[in-house]
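Turn these sequences into a full structure, and let the hints guide you.
Just so you know, the protein sequences line up as chains A and B, in that order. According to the working numbering, the first sequence is numbered sequentially starting from 1. According to the working numbering, the second sequence is numbered sequentially starting from 1.
If you are wondering where the hints come from, they were derived from the structure by calculation, not from laboratory data. Any given hint could be a false lead.
Footprint (simulated), chain B over chain A, 3 or more residues, beta carbon under 8 Å [unchecked claim]: (1) 36 to 44; (2) 112 to 126; (3) 137 to 145; (4) 170 to 182; (5) 213 to 223; (6) 234 to 240.
For each residue, glycine too, the CB sits at the ideal point set by N, CA and C.
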Amino acid sequence: MDVLTCIKRVPDTGASIVLTDDQQDIDASNLGFTMSPHEECAIEEAVQQVEAHGGSVTVLTLGPEEATEQLRTGLAMEADDATLLETDGDEWSARATASAIADAVREDDGVAHDLLLFGNESADAANYQVGVRVARELGLPCVAGVKTLDVEDGTATAKREVAGGEEVYEVDLPAVVTVKEGINEPRYASMRAKMQARRTEVAQREPERRDAAGTLEMIQLEAPEEDDSAAEILGEGPDAVSDIVRVLDEEVEVL
Amino acid sequence: MSAVLALVEHEAGAPAEESLELLTLARELAAAESGPLAAAAFGDEGAGVADALGAYGVEEVHHVTHDGLDAYAPAAWGEGLAQLAAELDAAAVVAPGTDRGQEVLAHVGATMDLPVAANCLDVEVDGAYELTRQRWGGSLMEHARLDAERKLLTAAAHEHPIEEAAEATDPGVASFEPSLEEDHLRVQVERVEESDVEGVPLGEARVVVSGGRGVGGPEDFDQLEELADLLGGAVGSSRAAVNEGWRPHDDQIGLTGAKISPDIYIPCGISGAVQHMVGCKGADNILAINTDPEAAIIGKAEWAVLGDLHEVVPELNEAIREAKDE
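Structural data, given as structure tokens:
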């Protein structure tokens, strides 16, 4: 079984997000980069499925050359191959990203992917669309937001959480599945795997940028107003207990 | 005079909270477009929503049905909504910012080959839509311009008030049968497995007590469980505690976990990273218990207790038991 996992390079934000002066981007000068937690789980899921069923895992991203770093993270998590669809660093729309990924899948004539895995939404832009749009462009079924995935005899059984339980879907492969964190526990890459990942060649391609008829154009970013009014300190240690009880009883009335 | 078409999710004909929130935004859009506010409802009991939607100014309810459509089927819903929008010549198609709403609009966007603006906050209509949408789970906002033949967007959940219309309407129900192909129906909910989790679900709890790295290990969550029990609430955790293996992922509150909206949220030993705060920004009040007066969570809380949760929480539990006995 051949699995393609698509990821996105995003800044590794901490306790607060700082914007560049022109408010066009996050000021990442003091930040490292990572991928969305959903996507880390998508790579882990791909590797586990291939460990169970045989085959290979390819990890793919569309982004600047620096995104090779995230592909190597994927390789260190035991993915076999990596592909960079290299851009100049501009953020591409969900439509353009999906079309470029679909092109790459179609061009892979030697490799027919049985399963295409995505994160449910990217950590930064959170458009909730790329996996669905790739599926529709390739004519594949798509199950989104999956927290449990079992593959047997060419059929995937996928579950997703809803209030009070789980919805169960069954689809024939090939299929697109977008996953959420919690579907598995991503492995920590061993030093040996990291070394090996550094030596693995990353395939590079130049994607064609095709957008939809309409446009969704970012004008600028804005950090929401922080409510920085200091908390009322009820006290230190157990001495504060009577005040906590008062707040719970009188102010929020939950006692 | 173009309609604004809103996807309304419902449980046996009772509209979902996020869908009613959506109607507040959709009603403004319809007024700006000088067109009727139309709702689309799927499922056997979809026609039943009409009774509830008049109060929110919905003028037409379209019950979308199809022989092959028994359960939720994302591609088929997207296709049905797109065809209905074309028939109504809708200026905009809008959906709630729920798992289903995002997924269905992604399918609508793919079918129509148009952009979708996800998790919108404010929208100004000026031919194109000047909108604000959430990025990073709401810790960052994006001002954007959406220009397309039909505007497709979802409304961020729990960011729009539920408001009745100034004038109630009496919407009629029309049936709409989309033309669907087998491909649209191959992903469909086969069955729903009920979860056997006891207690109050995190997303619905009025009180949420949660623990982070400061709890120190899985055993000490017992104190937090007890506090939550005493308050009739639920226990959550930070991503750090889940990564340590102390709590299951289902308990995780944050960007990639549960979003909560309790009356009061009591984080214990949680520093308050951006990724955590987007999961609890729906909380009416925060009471933080933390040893570090510089922790980000203190700046975001209404009330704070500076101290070790291992000393504070057991005494607090005792005090609550006494207060309840009185």
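**Message:** Of the numbered hints stated earlier in the document, which are not met by this structure?
**Reply:** Hint check: nothing fails, all pass.
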